[in-house]
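Q: Now for the letters of each chain:
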Amino acid sequence: MKGRYILEKGYLSLILHAHLPYIRHPEYDTSLEEHWLYEAITETYIPLLDVFEGLIRDNINFRVTFSLTPPLIAMLSDPLLQERYRKYLYQRIELAEKEVDRTRYYYQISEVSRMYLDRFHRIRELYDDKYGGNIISEFKRLQDMGKIEIIACPATHGFFPLMEIQPEAVFAQVSVGINIYRKAFGSNPKGIWLAECGYTPVADSILKDHNILYTVLETHGVLYASPRPVYGTYAPVCTPNGIAVFGRDRETSKQVWSADEGYPGDFNYRDFYRDIGYELDLDYIRPYILPDGQRMHTGLKYYKITGKTENKHAYVPEKAIEKAAEHAGNFMFNREHQIKYIYEGMEQPPIIVCPYDAELFGHWWYEGIYFLDSLFRKVHHQQNTFSFINPNEYLDKYPKIQVVKPAPSSWGYQGYNEVWLNGSNDWIYRHIHHAGDKMISLSNQFQYAEGIQLRALNQAARELLLAQSSDWAFIMKAGTMVEYAKNRTKAHISRFLNLCNQIESGMYDENWLSEVEYLDNIFPDIHYSIFQSRNVGKNNLISNMMYV
Amino acid sequence: MSNHYQIHHDIRNAVIPKNYNKNKIVLLYKDTHWLYCYWDITPEERARVRGYIRVSNLHDFTWALKVKSIGNSIHQGENSFFIPVGINADSWYIHVNQPAMIYMVEYGMLSQDYFFIPILHSNTAYTPPDRESTLWNPYFVNIFDLKNIRLRPEEKSVANQNSSSESYFGYNSHNYF
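Top line first, the protein sequences correspond to chains A and B. Everything in the first sequence is counted per our numbering, starting at 1 for the first residue and increasing by one. Everything in the second sequence is counted per our numbering, starting at 1 for the first residue and increasing by one.
Don't take each hint at face value.
[To be verified] Okay, the calculated beta carbon distance ranges per label pair:
1) 89/B / 316/A: 40 to 48 Å
2) 102/A / 91/B: 51 to 59 Å
3) 501/A / 57/B: 37 to 45 Å
4) 59/B / 418/A: 33 to 41 Å
5) 286/A / 42/B: 52 to 60 Å
6) 509/A / 142/B: 54 to 62 Å
7) 57/B / 517/A: 35 to 43 Å
8) 450/A / 57/B: 56 to 64 Å
9) 87/B / 364/A: 45 to 53 Å
10) 88/B / 505/A: 48 to 56 Å
11) 254/A / 47/B: 37 to 45 Å
12) 310/A / 43/B: 54 to 62 Å
[Said to hold, decoys possible] Facing chain B, from chain A, some residues (calculated, C-beta under 10 Å):
13) 25
14) 142
15) 224
16) 243
17) 329
18) 332
19) 334
20) 402
21) 403
22) 416
23) 479
24) 481
25) 482
26) 487
27) 490
[Claimed, not checked] Listing some non-contacts, in silico: residues in chain B with all C-beta distances to chain A over 12 Å:
28) 27
29) 42
30) 47
31) 53
32) 62
33) 114
34) 116
35) 134
Since the hints were made in silico from the structure, they are not lab data. Quick caveat, the model's predicted, so the values are computed rather than measured. Just so it is clear, CB atoms sit at the ideal spot from N, CA and C, and this is done for glycine as well.
Please construct the entire structure, taking both the sequences and the accompanying hints into account.
A: Below, the structure is given as structure tokens:
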């Protein structure tokens with residue numbers, strides 16, 4: 001019955017992209033932004049690891065490709081954030097205990113509050129007792145077992161299409177990303193996740209220089225490639241430099257992502273926005289929100305989506321889980337038919353590539369975790385048309401692929417650069433590009449820095465990389481936490497410019513430098529020479545020729 | 001957020017300059033039909049360029065962008081159009097009609113009879129294609145055989161050199177420089 005005993009008609013590659021910007025703030029006792037990390041750990045990363053562990057225990061054959069970005073790896077490994085996360089978790093357990101007591105006479109709500117208490121206890125048990133606070137090592141263990149494949153990501157999620165005028169900056173992003181990967185997982189990455197699937201031909205030879213085998217692009221990045229790909233997105237193509245490119249499948253992304261037609265909008269699923277952090281009496285909830293009384297999500301939500309109404313009904317976990325299993329069955333059924341149909345027109349089994357933000361599962365779509373668990377189990381037990389595969393394994397099986405020039409593209413709204421380049425955020429590029437020019441110039445000028453000059457140059461490289469994070473432009477466009485994103489951009493540029501002044505004048509303020517090193521401590525092993533022009537060589541000088 | 005007593009770097013206090021007192025123009029693509037450019041120009045450079053023009057003729061000139069389409073795999077040759085931008089602008093979104101085309105822009109002074117004095121020259125930017133390629137010549141390789149291959153520059157196509165692009169403002173430039 002199992003797919004592995006029968007020749008599959010096709011494959012499904014599930015790619016989960018886990019990313020958060022670097023939001024470590026040692027200068028504050030509490031920050032709202034650090035809670036983004038805590039929520040993602042509690043609702044997505046640990047539950048996913050728990051699901052994978054359960055699948056292994058039950059001998060379910062599954063494959064997942066995971067991209068963990070360098071800022072996320074850095075934050076998950078950071079002792080300060082690990083300690084703060086523990087504190088957060090204990091607070092959540094305390095809140096859930098209070099809630100179990102407060103809601104004990106409320107029909108159905110009491111069930112939900114007990115569910116949260118059990119869930120938080122389980123998360124604490126896994127985080128403290130099983131992982132010892134080190135989630136990254138757990139991901140490494142699963143990769144070493146061959147069940148998940150982890151791929152690299154640019155240093156700070158820099159969006160390459162808007163960096164292509166500075167190939168040195170693209171090189172630095174890739175180089176740091178791969179070094180962080182090697183340090184965390186002890187091996188070289190086979191694949192790389194380009195931030196926001198942002199593809200520019202400038203990156204092509206840089207990826208080749210780092211021995212990257214494959215990456216993933218948005219559908220039209222492959223469909224609009226030249227010459228036209230014979231198999232569309234159902235087989236990988238490769239760039240002129242030999243980087244294999246997998247195209248995102250349009251049908252599966254719509255089925256999961258679409259706000260109206262997608263699974264997460266089902267009325268039985270938990271409503272993300274009705275959180276007790278915004279609803280309960282301020283005096284009661286104050287210890288679990290920000291110290292200044294600013295309300296925020298606590299993770300305890302008692303209502304289901306219900307419909308387009310403000311009159312929400314109580315969440316029923318059993319029904320929601322049942323629905324997630326039903327959706328997993330529907331997803332599998334559709335893939336079977338899709339693959340059977342495509343298989344007839346191909347000379348090799350097709351691959352359906354489904355990349356999603358990891359945080360969709362569990363955080364935004366609470367039942368997404370159950371959906372994935374159920375999907376893996378159903379695919380293993382209930383069909384033999386297709387099986388899960390990692391892109392790397394697919395290339396091993398079917399290495400003969402078509403050479404094309406992929407089209408510049410991204411997976412953002414409208415498919416290009418609009419999300420990161422519009423009236424709300426275009427002002428940042430003047431500063432980021434200026435800082436990039438300065439960094440390249442200083443790196444070329446000071447070939448063999450040492451002592452405090454070396455520290456200042458390395459810190460300047462960190463500040464520039466942090467400023468290049470695609471998240472700030474994204475947040476400015478999204479319209480929430482805009483001031484924070486603006487301030488982060490300004491802060492990193494300002495620190496960078498100050499460092500430049502010190503390097504150029506030779507007059508260093510060591511106390512100031514130490515403070516900045518403490519605040520922005522990402523990439524402790526960075527060396528500023530990654531910005532030197534000699535890294536990119538002549539291949540990139542012809543970058544625009546590649547279009548013609 | 002509450003301030004930690006030991007650390008003085010509050011991101012809310014960060015200040016950065018408005019521009020960098022240099023002469024540079026940068027062109028980026030936004031999507032298949034839109035470009036974005038920003039520029040910095042020093043007052044000295046503006047004065048230097050004004051010096052080329054007779055004082056009595058200065059009122060005939062305005063600050064402008066010259067947008068040039070350079071070519072792609074099908075079209076060759078240069079077509080261009082102007083956008084008057086005024087002295088206070090330092091960035092502009094440019095609508096272009098051709099996806100899959102390489103563009104560049106120049107910033108300078110434009111006279112009423114389209115005499116253009118360029119000052120700043122941008123990098124090139126490519127608007128991505130908005131449809132499937134018309135090229136159907138599939139070539140397959142074994143991905144693992146490409147391990148040490150590097151791309152070499154390609155010869156440009158010379159097809160259809162006389163093709164013209166439609167400009168946003170409906171007229172082509174006459175660049176005398």
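Q: For residue 53/B, is the shortest CB-to-CB distance to chain A above 12 Å, so the non-interface label stands?
A: holds (28 Å)
Q: Evaluate the condition: distance from the CB of residue 114/B to the nearest CB of chain A exceeds 12 Å.
A: With a cut-off of 12 Å, residue 114/B remains clear of chain A, as the shortest Cβ separation is near 27 Å.
Q: Holds or violated: is there a CB of chain B closer than 10 Å to the CB of residue 329/A?
A: violated (34 Å)
Q: Regarding the hint that residue 402/A lies at the interface with chain B, is the smallest CB-CB distance below 10 Å?
A: At about 5 Å, which falls below the 10 Å cut-off, the nearest Cβ of chain B leaves the hint on residue 402/A intact, so it holds.
Q: The hint names residue 487/A as touching chain B; please verify it with the least Cβ-Cβ distance against 10 Å.
A: holds (4 Å)
Q: Does the beta carbon distance between residue 501/A and residue 57/B stay inside 37 to 45 Å, or does it fall outside?
A: holds (42 Å)
Q: Is the interface hint for residue 334/A satisfied, with its Cβ closer than 10 Å to some Cβ of chain B?
A: This hint is violated: residue 334/A lies away from chain B, its Cβ roughly 25 Å from the closest one there, beyond 10 Å.
Q: Checking hints one by one. Is residue 490/A an interface residue toward chain B, by the C-beta closer than 10 Å rule?
A: holds (4 Å)
Q: With 10 Å as the cut and Cβ atoms as the points, is residue 479/A at the interface with chain B?
A: violated (19 Å)
Q: Are residue 87/B and residue 364/A spaced within 45 to 53 Å by their CB atoms?
A: holds (47 Å)
Q: Does residue 134/B clear chain A by more than 12 Å, comparing its Cβ with all Cβ atoms of that chain?
A: violated (8 Å)
Q: Please check whether residue 482/A passes as an interface residue: C-beta within 10 Å of a C-beta belonging to chain B.
A: With Cβ-Cβ at 13 Å, over 10 Å, it is violated.
When each numbered hint is compared with the structure, violations occur for hints 1, 7, 10, 11, 14, 17, 18, 19, 23, 24, 25, 28 and 35.
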